[in-house]
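Protein chains in written order, with my numbering: chain A, 1 to 191; chain B, 1 to 191.
Hints may be right or wrong, so weigh each one.
You can't tell identical chains apart in this list, so a pair holds if it fits in one copy or across any two.
Said to hold, decoys possible - In silico EDC-like pairs for lysine to aspartate or glutamate, Cα to Cα no more than 20 angstroms straight-line:
{"no.": "1", "residue 1": "Lys-154", "residue 2": "Glu-116"}
{"no.": "2", "residue 1": "Lys-88", "residue 2": "Glu-116"}
{"no.": "3", "residue 1": "Lys-156", "residue 2": "Glu-121"}
{"no.": "4", "residue 1": "Lys-153", "residue 2": "Asp-183"}
{"no.": "5", "residue 1": "Lys-5", "residue 2": "Asp-17"}
{"no.": "6", "residue 1": "Lys-156", "residue 2": "Glu-116"}
{"no.": "7", "residue 1": "Lys-5", "residue 2": "Asp-175"}
{"no.": "8", "residue 1": "Lys-16", "residue 2": "Glu-129"}
{"no.": "9", "residue 1": "Lys-88", "residue 2": "Glu-125"}
{"no.": "10", "residue 1": "Lys-88", "residue 2": "Asp-9"}
{"no.": "11", "residue 1": "Lys-115", "residue 2": "Asp-101"}
{"no.": "12", "residue 1": "Lys-156", "residue 2": "Asp-9"}
{"no.": "13", "residue 1": "Lys-16", "residue 2": "Asp-183"}
{"no.": "14", "residue 1": "Lys-74", "residue 2": "Glu-129"}
{"no.": "15", "residue 1": "Lys-153", "residue 2": "Asp-137"}
{"no.": "16", "residue 1": "Lys-117", "residue 2": "Glu-42"}
{"no.": "17", "residue 1": "Lys-16", "residue 2": "Glu-125"}
{"no.": "18", "residue 1": "Lys-16", "residue 2": "Asp-175"}
{"no.": "19", "residue 1": "Lys-115", "residue 2": "Asp-17"}
{"no.": "20", "residue 1": "Lys-117", "residue 2": "Asp-137"}
Keep in mind the hints are simulated off the structure, nothing from the lab. This structure is a prediction, so every number in the text was calculated from the model and none was measured.
Now for the letters of each chain:
Protein chains: 2
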Amino acid sequence: MRIGKWDHDAFVAVVKDFHGHVAPGVIIGGYMVEMARRTLPEGILYDAVSETVQCLPDAIQLLTPCTVGNGWLKVYHFGIYALSLYDKYTGEGTRVRLNVDALDAYPHVRAWFLKEKPKREQEPELLREEIRAAGMDLLQAAPIRIHPDFLVKKGKGVVRRCPRCGEWYPAVLGDLCRPCQGDGPYLAGKE
Amino acid sequence: MRIGKWDHDAFVAVVKDFHGHVAPGVIIGGYMVEMARRTLPEGILYDAVSETVQCLPDAIQLLTPCTVGNGWLKVYHFGIYALSLYDKYTGEGTRVRLNVDALDAYPHVRAWFLKEKPKREQEPELLREEIRAAGMDLLQAAPIRIHPDFLVKKGKGVVRRCPRCGEWYPAVLGDLCRPCQGDGPYLAGKE
Numbered sequence: 001m002r003i004g005k006w007d008h009d010a011f012v013a014v015v016k017d018f019h020g021h022v023a024p025g026v027i028i029g030g031y032m033v034e035m036a037r038r039t040l041p042e043g044i045l046y047d048a049v050s051e052t053v054q055c056l057p058d059a060i061q062l063l064t065p066c067t068v069g070n071g072w073l074k075v076y077h078f079g080i081y082a083l084s085l086y087d088k089y090t091g092e093g094t095r096v097r098l099n100v101d102a103l104d105a106y107p108h109v110r111a112w113f114l115k116e117k118p119k120r121e122q123e124p125e126l127l128r129e130e131i132r133a134a135g136m137d138l139l140q141a142a143p144i145r146i147h148p149d150f151l152v153k154k155g156k157g158v159v160r161r162c163p164r165c166g167e168w169y170p171a172v173l174g175d176l177c178r179p180c181q182g183d184g185p186y187l188a189g190k191e
Numbered sequence: 001m002r003i004g005k006w007d008h009d010a011f012v013a014v015v016k017d018f019h020g021h022v023a024p025g026v027i028i029g030g031y032m033v034e035m036a037r038r039t040l041p042e043g044i045l046y047d048a049v050s051e052t053v054q055c056l057p058d059a060i061q062l063l064t065p066c067t068v069g070n071g072w073l074k075v076y077h078f079g080i081y082a083l084s085l086y087d088k089y090t091g092e093g094t095r096v097r098l099n100v101d102a103l104d105a106y107p108h109v110r111a112w113f114l115k116e117k118p119k120r121e122q123e124p125e126l127l128r129e130e131i132r133a134a135g136m137d138l139l140q141a142a143p144i145r146i147h148p149d150f151l152v153k154k155g156k157g158v159v160r161r162c163p164r165c166g167e168w169y170p171a172v173l174g175d176l177c178r179p180c181q182g183d184g185p186y187l188a189g190k191e
């Protein structure tokens, strides 16, 4: 079965190059994107949602025009193994999820996803073979509609200078930039 | 000047393919990544931070092994035009920012970044020529160290079934999955 413009093995090679290793989540994610895309009308402009930060954003970025940096892909930290593609204007589209109820027939996928075994006891070759054999059989699709509030493209508005550190940031975020509000990942300020 | 394995024009073509259009932010971001990477010791494993969701994540994903889906790139919604690359183990690295004080010599970049003119009055060709001519002259680098709390890789822990909708999600997120807590982008529940 094709995944975008690739067959299974070619997609695996593309995943290895972009993602760094052949993660089961990105391969399954490839089938998820493909399944969602096939439900959309030809030629429409669509946006994407990933309900997890793990793996699925990379499948979406490899297989659709939607990336994090162009804003057509929104990534939520829900930890849910599901994604949606939807018409950019109407918000109508399809959500595809891993169908955990179907995993009894795929014990290696089940052990990986539900972490039934520690990683060192899982068998990656058998897991990969199950994923290849299953294709879209692991998945479940349903129509969705995005809430209108999420369809409005928000610009960043006025850019201002942080009075504390001098950095430029969207004024809407507050009187200080977010790192100066204490949200940054750096030790001792930003620099 | 080279950007990763590409020269300027080849990188522009890669950006067009991945990002969908030749966004000034991704091209400048390419020079930012390149500048940060040149400060790192050869052969180390490094992670990345983008301080904005716009454009810079795509430059990082195109030019480094760090992607959103593999977790080596963390994207913050600070709206700040800066990124960092740092040693995955020590947290030591380099932050590169757009040096707004240097933009007087680059009026088209300045008009674009500070939104001094509405988009329809900006001149994209002249903007692109300024970016090409400036290369790293628009940028400012400084050493950073990531807070140890951000170096710890957090697994998602136990996966549980949402008692309301049946979706599987990390138990640490609460008694219900995040969409059932009201955080989802969909109308009328998830499906």
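The hints, checked one at a time:
Proximity of Lys-154 to Glu-116 under the C-alpha cut-off of 20 angstroms is restricted to the inter-copy arrangement: shortest distance 18 angstroms between copies versus 42 angstroms within a copy. When the C-alpha separation of Lys-88 and Glu-116 is checked against a cutoff of 20 angstroms, the pair qualifies neither within a copy, at 38 angstroms, nor between copies, at 29 angstroms. In this assembly of identical chains, the alpha carbons of Lys-156 and Glu-121 lie at most 20 angstroms apart only when taken from different copies (19 angstroms versus 47 angstroms within one copy). In this assembly of identical chains, the alpha carbons of Lys-153 and Asp-183 lie at most 20 angstroms apart only when taken from different copies (18 angstroms versus 24 angstroms within one copy).
In the homo-oligomer, the alpha carbons of Lys-5 and Asp-17 lie at most 20 angstroms apart both inside one protomer (16 angstroms) and across protomers (14 angstroms), since each shortest distance falls under that limit. Proximity of Lys-156 to Glu-116 under the C-alpha cut-off of 20 angstroms is restricted to the inter-copy arrangement: shortest distance 14 angstroms between copies versus 44 angstroms within a copy. Taking identical chains as interchangeable, the C-alpha atoms of Lys-5 and Asp-175 are never at most 20 angstroms apart, the minima being 48 angstroms within one chain and 41 angstroms between chains. Taking the closest pair of Cα atoms, Lys-16 and Glu-129 come within 20 angstroms of each other only inside a single copy of the chain (16 angstroms); across copies the shortest separation is 35 angstroms, beyond that limit.
In the homo-oligomer, the alpha carbons of Lys-88 and Glu-125 never lie at most 20 angstroms apart, since the shortest distance is 39 angstroms inside one protomer and 28 angstroms across protomers. For the identical chains of this complex, Lys-88 and Asp-9 are neighbours neither inside a copy (31 angstroms) nor across copies (31 angstroms), given an alpha-carbon limit of 20 angstroms. In the homo-oligomer, the alpha carbons of Lys-115 and Asp-101 lie at most 20 angstroms apart inside one protomer (15 angstroms), although the nearest pairing across protomers, at 51 angstroms, exceeds that limit. For a Cα distance limit of 20 angstroms, the shortest separation of Lys-156 from Asp-9 qualifies neither inside one copy, at 41 angstroms, nor across copies, at 29 angstroms.
In this homomeric assembly, Lys-16 and Asp-183 never come within 20 angstroms of each other (Cα to Cα): the closest approach is 33 angstroms inside a single copy and 33 angstroms across copies. Neither within a single protomer nor between protomers do Lys-74 and Glu-129 lie at most 20 angstroms apart by alpha-carbon distance, with minima of 31 angstroms and 31 angstroms respectively. Taking identical chains as interchangeable, the C-alpha atoms of Lys-153 and Asp-137 are never at most 20 angstroms apart, the minima being 35 angstroms within one chain and 32 angstroms between chains. In the homo-oligomer, the alpha carbons of Lys-117 and Glu-42 never lie at most 20 angstroms apart, since the shortest distance is 42 angstroms inside one protomer and 37 angstroms across protomers.
In this assembly of identical chains, Lys-16 and Glu-125 lie within 20 angstroms of each other by CA distance solely inside one copy; the values are 15 angstroms within and 36 angstroms between copies. Within a single copy, Lys-16 and Asp-175 get their C-alpha atoms no closer than 43 angstroms, and across copies no closer than 36 angstroms, so neither meets the 20 angstroms cut-off. For the homomeric pair Lys-115 and Asp-17, neither the shortest alpha-carbon distance inside one copy (26 angstroms) nor that between copies (37 angstroms) is at most 20 angstroms. With identical chains, the CA atoms of Lys-117 and Asp-137 are never at most 20 angstroms apart, being 23 angstroms at best within one copy and 52 angstroms at best between copies.
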